[in-house]
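Chemist: Protein chains in written order, with the working numbering: chain B, 1 to 248; chain Z, 1 to 248; chain U, 1 to 248; chain L, 1 to 248; chain G, 1 to 248.
Just so you know, the hints here were simulated from the structure itself, not pulled from any lab data.
Hints may contain errors.
Identical copies carry no separate label here, and so any pair may be met within one copy or between two of them.
Taking lysine to aspartate or glutamate and the EDC-like style, the derived pairs with C-alpha atoms no more than 20 Å apart in a straight line are [unchecked claim]:
1. K46 / E22
2. K244 / D27
3. K99 / E129
4. K66 / D34
5. K206 / E233
6. K181 / E129
7. K151 / D27
Each chain is listed here by its residues.
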Amino acid sequence: MNLNKITKKGKALFLAYDQGLEHGPTDFNNRNVDPNYIIKIARVGKFTGIVFQKGISEKYNKEIKKSKIPLIIKLNGKTNLFKGEPISKQLCTVEEAVKLGAAAVGYTIYIGSNYEDEMLQEFENIQREAHRKNLPIIVWVYPRGKSVLGKSKKELMAYACRVGLEIGADIIKIQYNGNPKNLKWAVKSAGKTKVVIAGGIKKNEKELLKQVEEIINSGAIGLAIGRNVWQAEKPLEITKKIKKVIWG
Amino acid sequence: MNLNKITKKGKALFLAYDQGLEHGPTDFNNRNVDPNYIIKIARVGKFTGIVFQKGISEKYNKEIKKSKIPLIIKLNGKTNLFKGEPISKQLCTVEEAVKLGAAAVGYTIYIGSNYEDEMLQEFENIQREAHRKNLPIIVWVYPRGKSVLGKSKKELMAYACRVGLEIGADIIKIQYNGNPKNLKWAVKSAGKTKVVIAGGIKKNEKELLKQVEEIINSGAIGLAIGRNVWQAEKPLEITKKIKKVIWG
Amino acid sequence: MNLNKITKKGKALFLAYDQGLEHGPTDFNNRNVDPNYIIKIARVGKFTGIVFQKGISEKYNKEIKKSKIPLIIKLNGKTNLFKGEPISKQLCTVEEAVKLGAAAVGYTIYIGSNYEDEMLQEFENIQREAHRKNLPIIVWVYPRGKSVLGKSKKELMAYACRVGLEIGADIIKIQYNGNPKNLKWAVKSAGKTKVVIAGGIKKNEKELLKQVEEIINSGAIGLAIGRNVWQAEKPLEITKKIKKVIWG
Amino acid sequence: MNLNKITKKGKALFLAYDQGLEHGPTDFNNRNVDPNYIIKIARVGKFTGIVFQKGISEKYNKEIKKSKIPLIIKLNGKTNLFKGEPISKQLCTVEEAVKLGAAAVGYTIYIGSNYEDEMLQEFENIQREAHRKNLPIIVWVYPRGKSVLGKSKKELMAYACRVGLEIGADIIKIQYNGNPKNLKWAVKSAGKTKVVIAGGIKKNEKELLKQVEEIINSGAIGLAIGRNVWQAEKPLEITKKIKKVIWG
Amino acid sequence: MNLNKITKKGKALFLAYDQGLEHGPTDFNNRNVDPNYIIKIARVGKFTGIVFQKGISEKYNKEIKKSKIPLIIKLNGKTNLFKGEPISKQLCTVEEAVKLGAAAVGYTIYIGSNYEDEMLQEFENIQREAHRKNLPIIVWVYPRGKSVLGKSKKELMAYACRVGLEIGADIIKIQYNGNPKNLKWAVKSAGKTKVVIAGGIKKNEKELLKQVEEIINSGAIGLAIGRNVWQAEKPLEITKKIKKVIWG
């Protein structure tokens, strides 16, 4: 699968903005609650992709197209309200994603959940359809649910990567445990499938840039970052610094 | 999505009458148990839409068409008898709604319920179909189930609005917690998706009109009101007063 | 929906015989265990419809057609053996019913059950298909399951009627709580949808005829009666008396 | 439905051999573990049908066809390992059965199980398809699961028969409780649907032949027998004696 | 079903490498984490088949084709994270397998699991499709779940084999309990369906080769071996010794 549309010199920096559905607007303030603010950051900061749910991709489609930032549509999602075993179901078809101008699609699988099997199977149908339509597919693989409590983060991180390879994802998005050696092993476990790291909750700049460096040195191709950019006082400045680490 | 058929100068006042399925006839008396009584209120009061389930839309179709009030068909529903986690499934297709002359369709999602995923997914299929047929879709987003007990109403109200935007609804119907500042934030969280407020249980006139004013000032486009109108001694008088607040 | 095929002067008297699946043969004796005995009662007694499951409708189709009694096929059913929340699934398609010569179809919904949503949704698909094929649909609405224990029978009876209207049934079959005033309210709650009353377990003749009179006076269009007729020593005599009350 | 292909003078003797899936090979020895041994008994003993799962019907198809014994394919099955409420799902389509040369098809329903509804519904789809293809359908009706514990075997036997009639089976296979009077009532409850009795675990010859006589006198059309024949030292001798009782 | 493409003189030696999904990369080291390392072992060692999930079959398709080792795609899979009753769902279609150049397909069924019925049914759909496309199907039959705890391994091994025959697999893959007499009985229970044995966790060479000899003497056609080969210091040497036992 050709990843040129969503990478630059083989590296990726995606601006993630699916938190509205996943966490609710508690992550937002008066500025970043507005998708147009996010689109502007992506455009000026020249991200290699921007991640939206279907609703925003539709209602702000004109603005997205005008920005020329490659659109990555998250095809499934859920709120964080339900407290049982996590399940996230398909909320947008590949066909709709194509019509909306998506350059790639994404899907989350909670491995270890009671509903792992349903998400794995739904993912596979989407993967097949996406490849038929020549779209790269990115899989968020997050170990979750009662069964994974207390398990080693090192092993879970590598397991997540390997799952992405085995099920045919083009890019795997995982959470980083902060140990560069572990990450190298995880990236190796992903074989020919590429790895990007989730930015996670907001950190101080120094810590963030150190992590970006570790990520790039591990063999991962980049980050899907959200709160660390659009919650920043000056999102374009931090973007610039991150890009410097990634592309030099 | 063009909302002209169910709004007037960008504002909306819908007469809701899906309580027969949702609560049973305990909400009704000898007068308002009759759908024709409701249709008459909507016609004379010039509501911008009337909300029925499929059964009433079929059996009273001639009367509805004659009234020229735009018909909004609720596509899912349930009784209030079952005491477990709430689930409400599709009971009418978009195709049937079109045949019955609907100007828009509606669907309820109980976020936080054990069955949230099923409703989100069913909604998306309906949304796609409705937009293909050029029908606006209104989503009732209600946080419900064991997992949401004790959560902040302020945050739930904003979360409900945001979910509506993320999943591609044209209008979101939510319950108002009574705090105008919170409502403004919720409306902002909905971005380009419009917000209408549920009327809820009957209040005294003064309180109701105060709330209508807060609603309109918040940026919401109007109300979907039921019991406060058709349980009133003089429904057309209260309607007149509400309209005055909305349209001036 | 035109109900002429299964009514006479707007009134209905259906002979119900789906107890074999619902209760087992404990309701039967050597005479009435035989479907031909039932068909004969219906024919000689000139019932306006006879209610069978698919199996009997097929195996005794020649006899049914010869009798010229309008056939009403119950499309779902279950045994009474399982002790959990009740669910009754579709066991015969509308297309099969048409081929078997049905004049109408029936379906049972247990409102309040954990599986209410599945039955409501299955009903709607059947309703749509039945109307497309010009067949009236009768819905048995029975409140059941742990959630309805201890609820007021008066309210449940009216709720059952209202559900029938809201979901688009042509006729609702309910159980009568024995209070004529409550029944009037229930019938009123059904709006344009017609109401028939289930005969229930065998009563003495006097009590039965008193109930028939109350039923007719309430605005209901008639009864779906089984055990009170075919368990009677002289089924045609009691039929004659019932008809006298209904049609005068 | 014409039953001539699997009966002789209106009577039936089926050789059942679906125990490999249902119980595992513990029922077998070095001789009868081999399907060819069973086919030979059926051929020489001139059974009116032989019951196999799809796997054996495929792998031994040449031998089955050569034997000219009518093939009855069991369309569903399960192991006896899982200890919860029983469910047995379709494992072979009617279309496959036709291609394999089946003269009839079979299906098991565990009435009273938590999954009764799923099996009833799956049966109906199969029944419709089988009749469209002109194949008789035999239903194994076995009351099972926590809900039937302690219930009267007499009533369950009659209920099983009645279910077979109500859902449209051509032949019902039940287990015999050993009381001839109860069996007569059960057969009567089946109406026009024919009844065959399961042979069950191995008995001494005298007891077995006494039961065969009771079965035939009850109005049932015969037996589906397995272990009592192919576990016997001399299967053809016992077969001969059984046939003598059935056909005289 | 012709097995020539994945056997040599009627015997089979498959290199299994689906552990990445089933166990995570904990089974791997820096060398064998790379699918190309495995492909090389298979090519030089002349295995009669190599077992991959869809993801690896796609991303390493060129290398696999170049190696000319027959590709066997495992069509279902799961992680080992979830701790409840095991279920493994289809993650690749037969059609995709054909496009990827598969010579056969595989599927795992956990008999005794709460979800046994779902896997049996999914298997059957795959079996039908595979045979239509002329592909042999291998079934992994593993007794698992709470219900099988404490059961005799001898009986479970034979039961697993018999299930494979009854459901129409061409080859059954089982785990060996280490008792040659038990294995002979298990192989006999499989009838015309062939048996291969899973290699399991790494053993010392002597023990392994003794088991291979027992396996071949039992009538099984070979092994599907993974860790005992690719975790070995010198995989080609152990392969050579295994092949010597199998083919002499």
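Chemist: Are the hints correct? Go through all of them and say.
Modeler: Structure-based check of all given hints:
1. Taking identical chains as interchangeable, the C-alpha atoms of K46 and E22 are never at most 20 Å apart, the minima being 25 Å within one chain and 39 Å between chains.
2. Taking identical chains as interchangeable, the C-alpha atoms of K244 and D27 are never at most 20 Å apart, the minima being 26 Å within one chain and 37 Å between chains.
3. Taking CA atoms no more than 20 Å apart as the test, K99 paired with E129 passes in both settings, with 14 Å inside one copy and 14 Å between copies.
4. Taking identical chains as interchangeable, the C-alpha atoms of K66 and D34 lie at most 20 Å apart only when both belong to the same chain, with a minimum of 17 Å there against 42 Å between chains.
5. Taking the shortest alpha-carbon separations for K206 and E233, only the intra-copy value of 15 Å comes in at or below 20 Å, while the best inter-copy value is 44 Å.
6. For the homomeric pair K181 and E129, neither the shortest alpha-carbon distance inside one copy (35 Å) nor that between copies (45 Å) is at most 20 Å.
7. For a Cα distance limit of 20 Å, the shortest separation of K151 from D27 across copies, 16 Å, qualifies, whereas the shortest one inside one copy, 28 Å, does not.
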